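Undergrad: Residue strings, one per chain:
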Amino acid sequence: AQSVAQPEDQVNVAEGNPLTVKCTYSVSGNPYLFWYVQYPNRGLQFLLKYITGDNLVKGSYGFEAEFNKSQTSFHLKKPSALVSDSALYFCAVRDILAGGYNKLIFGAGTRLAVHP
Amino acid sequence: DGGITQSPKYLFRKEGQNVTLSCEQNLNHDAMYWYRQDPGQGLRLIYYSQIVNDFQKGDIAEGYSVSREKKESFPLTVTSAQKNPTAFYLCASNMGRGTEAFFGQGTRLTVV
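Heads up: the protein sequence lines correspond to chains G and V, in order. Using my numbering, count along the first sequence one by one with no gaps and you end on 144. Using my numbering, count along the second sequence one by one with no gaps and you end on 116.
Take the hints with a grain of salt, since some may be wrong.
So the derived label-pair ranges between C-beta atoms look like this [unchecked claim]:
| no. | chain 1 | residue 1 | chain 2 | residue 2 | range |
| --- | --- | --- | --- | --- | --- |
| 1 | V | 85 | G | 125 | 19 to 29 Å |
| 2 | G | 99 | V | 21 | 17 to 27 Å |
| 3 | G | 107 | V | 84 | 50 to 60 Å |
| 4 | V | 43 | G | 92 | 45 to 55 Å |
Dumping the calculated DSS-like pairs for lysine-lysine here, alpha-carbon to alpha-carbon at most 30 Å [to be verified]:
| no. | chain 1 | residue 1 | chain 2 | residue 2 |
| --- | --- | --- | --- | --- |
| 5 | V | 61 | G | 77 |
| 6 | V | 13 | V | 61 |
| 7 | G | 97 | G | 77 |
| 8 | V | 13 | G | 77 |
| 9 | V | 87 | G | 77 |
| 10 | V | 74 | G | 77 |
Just so you know, the hints here were simulated from the structure itself, not pulled from any lab data. This one's a predicted model, so the numbers in the text were calculated from it and none came from an experiment. The C-beta atom is built at its ideal place from N, Cα and C for all residues, glycine as well.
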């Protein structure tokens, strides 16, 4: 079965420093990977995705993610964190179901806290 | 503006009562989904639908029901059979295979 793991419940970083939010995955076949961000009491906002191509994917708000097939990882990164980046971040992988249906499987989420 | 609209934003349910959460999208997306979010557990799939008049159970469908009579609408009913319905419910849609999903702003359901 497909799965994703986010090993850190919370990541703390100082404003202006680089940030990394970790994600590892387990899939059969080629992975379709996604990152989403959630602010309090709001829905999820799409940040970026990897389907194929360059291992470094650039997304919204200055975020990027690096796909590493050998380590089965898809870590989210940003060169310089902002206080406004503080939120809950979810990694997700696509799961193909019978009949051509597909769904997203989400990790448990990582809370990012950026301190001034 | 295109998007997904969930209503209401907050909902209170009495014991033994059925309630319906609304989800409407004007993105012309084929697929729609309902997720439940509990603290520390990420999102879990309740039901999904790829086309009108067809839907499938997700991982935690017990105590829930859905309908898909129109492409743009995918309402979720939380029945009295759902023993622990207090949660944040998120509706999403996408074009299908491999495309990113767009989410509504969520409905927070509380049992009183």
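Undergrad: Provide an ascending list of the numbers of those earlier hints which the structure does not satisfy.
TA: Going through the list in order, the structure violates hints 2, 4, 9 and respects the others.
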